[in-house]
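Please model the complete structure; the sequences and the hints are all you need to start from.
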Amino acid sequence: MKEVFVRLDRCIGCRSCELACAVEHSQAKKLELAIHETPKPKRRVYVEYIAGRKIPFLCRHCEDAPCVKACRTGALSQDPVTRVVTHDPKKCIGCWMCAMVCPYGVIGEEAERRIAVKCDRCPDREIPACVEACRTNALVYTEENEFSEMVRKEAITEYLKGYIQ
Amino acid sequence: MKRLLLIRAERCIRCRACEVACAREHGGQSRITVVETECIAWPVSCRHCKVAPCIHVCYREAIRYDERDMVIIDENLCTGCGLCELACPFGAITMVEKQKPSKCDGCQHLVLDGKTPICALTCPSGAIVYESIEAYEKQTRISFFSPVR
Amino acid sequence: MRKLIVSSEKCVGCRACSLACPEDYIKIEEAESEISVEFPPGCDMQCTKCVDICPTHALTLTNDTPEKKSVKLWFEMAECEACGRFFAPKMMLKYIIRRLEDTGLADEKIAWLMLCPTCRHSISH
Amino acid sequence: MKTGSKSKVICPFCGAGCAFFIVTKGNSLNIEYISDHPVALGALCPKGNSSISIVKHPDRLKHPLVKKGNEWIELPWNDALNLAAEKLLDIKKRYGADSVGFLASARATNEEIYLFQKLARLFGSPHIDHCARLCHAPSLVALKDMLGSGAMTNPISDLANSDCIFVLGSNFAETHPVVSRWVWDAKDRGAVVIVADPRRTITTRIADLHLQLRSGSDPYLLYAMMKVIVDRGLCDYQFVRERTEGFDDLYRWLHSFDLKEAVEFTGLSEREIVAAACHYAEAYSAALIYCMGITQHRNGTENVRACANLALLCGKVGAPGSGIFPLRGQNNVQGACDMGALADYLPGYADASNHMELKKLSRVWEKSDLPLGPGYTVTEMTNASLNGKIKAMVILGENPVVSDPEASGVKKALEKLEFLLVIDLFMTETARYADILLPAACWAEKEGSYTNTERRVQWSEKALDPDGDAKPDLWIIGELGKRLKIWGYTPRPDEVLREINRVVPQYGGITPERLRLSKNGLIWPCQNESHPGTPILHQSGRFKFHTPQFAIEDKGKIGKNNIFKLITGRLVVHYNSGSMSRRLSELFPYEPIASVSINPEDAAALGLKNGDEVKLIGESGEGIFQIRLDVSVPPKTLFLPFHFPGVNDVVTVGLDTSSRTPGFKDAECRLEVV
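Taken in sequence, the protein lines are chains A, B, C and D. Using the working numbering, read the first sequence as starting at 1 and increasing by one per residue. Using the working numbering, read the second sequence as starting at 1 and increasing by one per residue. Using the working numbering, read the third sequence as starting at 1 and increasing by one per residue. Using the working numbering, read the fourth sequence as starting at 1 and increasing by one per residue.
Just so you know, these hints were derived from the structure itself, not from any lab. There may be inaccurate statements among the hints.
[Claimed, not checked] Some chain B residues judged to face chain A by a derived CB distance under 7 Å, without partners named: (1) ARG3; (2) LEU6; (3) VAL44; (4) ARG47; (5) CYS49; (6) PRO89; (7) TYR130; (8) ILE133; (9) GLU137; (10) THR140; (11) ILE142; (12) PHE145.
[Claimed, not checked] Dumping the calculated PhoX-like pairs for lysine-lysine here, alpha-carbon to alpha-carbon at most 20 Å: (13) LYS100/B - LYS49/C; (14) LYS49/C - LYS98/B; (15) LYS50/B - LYS90/A.
Since the model is a prediction, treat every value here as computed from it, not as a measurement. Ideal Cβ positions, reconstructed from N, Cα and C, are used throughout, including at glycine.
Below, the structure is given as structure tokens:
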């Protein structure tokens with residue numbers, strides 16, 4: 001299955017992913033229209049500056065997702081095949097159990113309705129909006145083995161560079 | 001940003017300070033219960049849901065939101081039927097003597113004065129916090145990727 | 001003396017009337033997996049508390065002469081899925097599901113309603 | 001009486017020294033939290049939250065009582081005090097002044113404790129001690145010797161700045177719940193928390209690394225860690241070179257120390273020891289928290305020395321986030337030590353067996369021939385009473401019948417006394433043996449200063465007048481002194497504190513005026529009025545390494561013939577001897593009886609179920625307790641909370657040689673199914 005991988009060393013903290021995410025989850029799906037919408041479009045990916053590093057946080061769609069377990073009403077559900085955790089706003093009662101058990105802190109609040117919002121990995125798109133928007137390829141949407149292969153290749157290139165010099 | 005009573009369950013040391021403080025503040029009946037299992041403990045109290053089942057189920061409209069979006073019970077309208085106790089997804093409403101429901105009112109008397117609810121004030125380990133979801137989640141994210149770990 | 005008419009379809013066995021009655025005319029009997037509510041045929045009080053309080057409008061008081069026999073309704077109790085305790089009449093839970101219809105929460109079965117309030121304390125389901 | 005008032009008081013329970021406001025409105029009391037208080041940001045544990053119920057508790061003593069035969073007779077204050085003084089003077093005349101023992105309370109104010117020890121010493125008895133002897137006397141002896149001060153080096157909130165927190169023999173989440181906030185804050189910053197404890201406690205839930213070592217093998221663990229650190233070159237050589245002495249001896253000793261032996265003895269794997277050592281030594285700043293799991297052993301002083309050695313070796317002393325944190329138990333036990341209510345120390349930790357120091361003190365007190373120390377300690381006093389060397393005792397708010405080991409012996413000793421004067425809030429187990437029982441005012445009913453575990457001296461205000469005839473301890477001690485012809489008048493707290501300023505050098509600048517004005521109190525050492533206080537000790541100065549000389553006797557009895565290791569400890573909802581917490585309806589229902597925790601495997605082997613009763617047989621006493629199956633207790637070990645009378649009947653232990661602290665945690669007992 002494809003996952004969104006994060007390459008921490010590549011993130012420059014430009015927050016393009018946050019913007020793209022909010023636009024993607026607006027009604028109009030266009031930046032110039034989205035900014036006037038109510039409820040205000042909300043990002044589901046968060047870039048944090050921690051001790052000089054920039055780290056994008058987005059839902060890891062955990063295999064054994066604590067948020068799904070904690071959800072009383074079944075608003076959060078996990079696809080049995082893709083393991084994507086989706087949130088049904090109709091069933092959400094705004095109790096914040098999911099936010100309290102999430103180890104990554106990636107469940108946000110839709111301020112107007114006071115219910116949870118979280119990454120749904122852009123069901124309407126081939127590639128999630130945040131990945132597409134990332135200028136530095138800090139976010140990668142790929143298969144797990146392809147990602148490790150990529151990292152391996154990069155590492156060997158780096159190593160060879162030093163060797164040749 | 002609306003501030004809420006949120007729980008950092010991993011911090012709970014099941015000391016029950018919240019229960020004692022809550023009982024003192026609300027005339028002897030604690031509205032928060034510390035639940036413990038072998039590996040974790042956490043305080044259970046009303047989550048003040050936005051779509052609150054207890055409000056929907058109450059046919060007398062005795063349960064409502066106050067100015068700060070906390071779910072409160074109007075004791076004068078309540079008949080003690082126990083529907084809210086059964087409807088609550090968290091078991092946070094208990095019926096006490098003479099079938100009066102007892103549930104967290106988010107320390108309405110303190111919060112309206114600009115203070116913090118008593119359980120969040122007294123929690124020695126900082127397991128109960130009174131802050132916005134935004135701030136809470138940010139704290140979670142930052143502590144997840146703290147530098148030394 | 002007024003006649004008390006009970007609608008057995010509407011009553012869910014919530015016990016509110018019994019608690020409201022100032023004279024304890026409405027009697028509750030609890031068995032292991034069942035609960036019974038016994039309504040008197042009539043009432044000589046000038047109060048309508050039970051009628052006012054009934055969530056399902058199952059009770060009416062009329063000025064007819066009451067019958068001799070009292071009405072006894074039996075309700076099956078629901079069993080907690082986690083601890084196996086009988087905690088509430090099944091009808092009452094059904095009524096709650098009906099009340100929650102407009103929230104979008106109501107499926108044919110709401111997960112947490114199958115647990116007793118104590119078992120709902122658990123952090124995960 | 002002030003009505004509708006708000007007074008800042010210090011919590012009467014543990015040593016953390018949380019402050020809160022008592023709000024009185026007519027007859028009702030309530031708590032208002034101080035959310036910017038430095039100890040815990042205004043948080044209170046369940047004990048602190050229920051503390052105001054003590055004030056109006058119906059069991060409070062209201063009048064002085066005198067025992068006539070088997071009955072208590074109420075007496076006016078004047079008569080009771082006259083009678084007490086008469087008896088004491090009579091015993092002094094017949095047996096000499098040193099036949100009277102004095103036990104101070106670690107929960108009275110500094111002023112009261114100072115005046116009490118002054119009373120004892122001016123009366124002519126060197127036998128003054130208090131319950132620090134039962135907990136942190138080894139810290140006092142060892143740390144004073146090695147670092148120069150026997151107290152916690154950094155404030156509690158400084159734990160949040162640590163990168164590694166090493167917890168030894170402490171269950172602070174239950175004993176000092178407010179400490180856990182700062183440990184969590186450090187952890188959120190990325191700190192590593194290592195907890196060494198034979199049990200799996202609430203504290204070990206916080207831990208990243210839990211070292212489940214065998215009870216009593218702490219020095220082996222510590223020296224094994226030091227050996228790893230030295231072998232891998234992880235010590236702070238600059239610190240060792242510039243600021244310490246005696247490293248060579250320790251190095252040589254460590255060279256001959258066998259890691260395998262430690263692995264065998266502690267029951268830990270070598271990997272765990274190495275991991276703990278590397279985390280501690282490599283962290284930028286590291287804190288070492290220890291508590292009674294270290295001190296209450298027959299080699300308690302040696303254990304504390306090992307802790308200090310480790311901290312010195314890695315240079316983790318005297319910087320923000322780096323220090324040694326012995327958590328003290330009572331809200332003023334630090335102050336009681338500072339005030340010299342100890343058998344071997346005068347006020348300000350001057351040596352009681354030193355003639356020069358006594359001479360200095362006698363100049364201030366204007367009386368020559370002060371008694372030469374060291375006097376009897378808490379446990380020695382009861383023994384001396386059994387030998388007939390102590391004939392009378394004055395006990396200020398202590399409960400040795402519950403808190404001392406071999407409680408049956410203590411009871412016999414108190415019975416044997418010719419005269420026993422007890423000053424307390426309640427009819428405690430000890431008070432029942434008194435000849436005269438004087439009712440004291442509780443903490444909210446008097447004013448004075450308290451020193452918490454981080455050396456913070458705080459002023460506690462008077463919130464209300466005592467019910468009935470109860471009087472503040474200071475007044476009682478003053479009046480008693482007047483009748484014993486020691487001084488002419490009863491001083492006020494301010495006057496006593498001013499005398500403390502002159503006598504105790506660390507308190508030189510902690511004047512009543514400054515204390516009342518300062519919001520967060522002052523942290524000693526504070527030598528003069530312009531000194532701001534010293535939150536972090538040992539930022540400069542030289543320290544001494546200690547060359548270990550310990551031997552752990554393993555009698556090898558445990559595990560055979562139903563002999564179990566017995567660990568006693570605290571529960572979060574109870575406090576020490578329980579004379580307060582067992583009376584509080586808020587706390588009592590959580591833990592109503594002393595139930596003994598046992599590993600389910602052991603219980604299954606004996607055919608025991610939850611709630612069954614067993615008989616525990618110690619060397620000098622026995623008791624019947626209920627069983628609680630608990631996986632957190634290791635096999636062949638029992639855990640018993642010591643807040644209940646009867647628990648210490650089972651505990652029979654030897655004393656630590658240097659500090660004369662009983663090794664509570666070394667106890668063993670035989671279990672019999674009833």
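These are the hints, each one checked on the structure:
1. ARG3: At about 12 Å, which exceeds the 7 Å cut-off, the nearest Cβ of chain A leaves the hint on ARG3/B violated.
2. LEU6: Since chain A brings a Cβ to about 6 Å from LEU6/B, closer than 7 Å, the hint holds.
3. VAL44: Not OK, violated: VAL44/B not within 7 Å of chain A, min 11 Å.
4. ARG47: With Cβ-Cβ at 4 Å, under 7 Å, it holds.
5. CYS49: Since the shortest Cβ distance to chain A is 4 Å, the answer is holds.
6. PRO89: holds, 4 Å
7. TYR130: violated, 13 Å
8. ILE133: holds, 4 Å
9. GLU137: holds, 4 Å
10. THR140: Holds - the Cβ of THR140/B comes within 7 Å of chain A, reaching about 3 Å at its closest.
11. ILE142: holds, 6 Å
12. PHE145: Given a least distance of 5 Å, the restraint on PHE145/B holds.
13. LYS100/B - LYS49/C: Between LYS100/B and LYS49/C the Cα gap is close to 17 Å, so the pair holds against 20 Å.
14. LYS49/C - LYS98/B: holds, 16 Å
15. LYS50/B - LYS90/A: holds, 12 Å
When held up to the earlier numbered hints, the structure conflicts with 1, 3 and 7 and fits the remainder.
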